[in-house]
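Taken in order, these protein sequences are the chains called A and B. The opening residue of the first sequence carries number 3 in the numbering used here; numbering runs sequentially from there. The opening residue of the second sequence carries number 341 in the numbering used here; numbering runs sequentially from there.
None of these hints come from the bench; they were simulated from the model. It cannot be assumed that every hint is accurate.
[To be verified] Here's a subset of chain B near chain A, in silico, CB distances under 8 Å, partners left out: (1) Asp345; (2) Arg349; (3) Leu351; (4) Gly355; (5) Trp366; (6) Glu370; (7) Gly450; (8) Ala456; (9) Asp481; (10) Ile504; (11) Arg514; (12) Gly518.
For every residue, glycine included, the Cβ atom is placed at its ideal position computed from N, Cα and C.
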Amino acid sequence: MNVIKMNEFGSTLTDREDGKKAFREISGRSTFPVALDFSDVVSLGSSFGEEVILKIASLQGGGIAILNVNHVIKISITRIIEDTSIRVSFTDSSEGGKSRQGIV
Amino acid sequence: MPVFDDIYRSLKTQGFSKDLCASLGWTLGELADNTATHAGGVPCYFMLSSTSAPASRKFLTLTIGDIGVGIPAAIRSKEKYKGLKNYEALLSAFKSNVSSWGDEHKRGKGLNDVLAISKGNGAWVRTESNNMGVFFDFRADPYTIRPRSAGTEQDGTRYCMVLIDTKLELVSKREIDGMLDNYLGQL
Numbered sequence: 003m004n005v006i007k008m009n010e011f012g013s014t015l016t017d018r019e020d021g022k023k024a025f026r027e028i029s030g031r032s033t034f035p036v037a038l039d040f041s042d043v044v045s046l047g048s049s050f051g052e053e054v055i056l057k058i059a060s061l062q063g064g065g066i067a068i069l070n071v072n073h074v075i076k077i078s079i080t081r082i083i084e085d086t087s088i089r090v091s092f093t094d095s096s097e098g099g100k101s102r103q104g105i106v
Numbered sequence: 341m342p343v344f345d346d347i348y349r350s351l352k353t354q355g356f357s358k359d360l361c362a363s364l365g366w367t368l369g370e371l372a373d374n375t376a377t378h379a380g381g382v383p384c385y386f387m388l389s390s391t392s393a394p395a396s397r398k399f400l401t402l403t404i405g406d407i408g409v410g411i412p413a414a415i416r417s418k419e420k421y422k423g424l425k426n427y428e429a430l431l432s433a434f435k436s437n438v439s440s441w442g443d444e445h446k447r448g449k450g451l452n453d454v455l456a457i458s459k460g461n462g463a464w465v466r467t468e469s470n471n472m473g474v475f476f477d478f479r480a481d482p483y484t485i486r487p488r489s490a491g492t493e494q495d496g497t498r499y500c501m502v503l504i505d506t507k508l509e510l511v512s513k514r515e516i517d518g519m520l521d522n523y524l525g526q527l
């Protein structure tokens, strides 16, 4: 699976137009399915997230893998997919090297 | 945005947590995006101030404003909401999927996010627009929502919000919408 490093779009991802640009870029160069890696991304807003996460998940049968999110971004994504049929699997690595998985 | 990176660096130097930085970036980004989208691209300004005391939690106060048309005016410009009173329009703007844009755009999440962050943080947020204001206070249970007079008749919208450096709790869109529906129903 292709992994997209979301920090290439910045550390604070909140602008809707930026989200549209990111989606165009990702869809233009990637083979789906892709996973989104949020390492070194500090914040994610609904506006950006809707334009990227929901659209990518819709192209992948309604599911998407999200890697290495911080606690607040996990909350943001949980809110983004609320009332949708999108399934998100969260995988991250603690400092101890353990991985935690959750599917929302 | 480079400005956020500078802010995060400064906050981390002062001992603020990653959670706090993340909540701030999310909040500031949504409110700035609102200004760019709904206020006609007018300039917006923001101020941050930090407070901490020995053996006490750290606080961040964010103030952001613009000189656009104002929330009630923008919401009521839409046919669907023109029958609302100004205060109702101001409150409704915080509901998910309420926007001055058409429903087909599926916008209107940003202010719902701001309230969810404030509630999840156990803090407060005050909004003023079109010569009126509202104060959402989540510091205690039960929370309170109270009308406030605006500090100025100046056009535009102003937010003042406190973020407490503590773990953010998840608050759903449904919960915020329900809270607002309950309050609007009592008006």
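Status of the hints after comparison with the structure:
{"no.": "1", "hint": "Asp345", "verdict": "holds, 6 Å"}
{"no.": "2", "hint": "Arg349", "verdict": "violated, 11 Å"}
{"no.": "3", "hint": "Leu351", "verdict": "violated, 10 Å"}
{"no.": "4", "hint": "Gly355", "verdict": "violated, 16 Å"}
{"no.": "5", "hint": "Trp366", "verdict": "holds, 4 Å"}
{"no.": "6", "hint": "Glu370", "verdict": "holds, 5 Å"}
{"no.": "7", "hint": "Gly450", "verdict": "holds, 6 Å"}
{"no.": "8", "hint": "Ala456", "verdict": "holds, 7 Å"}
{"no.": "9", "hint": "Asp481", "verdict": "violated, 20 Å"}
{"no.": "10", "hint": "Ile504", "verdict": "violated, 14 Å"}
{"no.": "11", "hint": "Arg514", "verdict": "holds, 7 Å"}
{"no.": "12", "hint": "Gly518", "verdict": "violated, 13 Å"}
The earlier numbered hints that this structure contradicts are 2, 3, 4, 9, 10 and 12.
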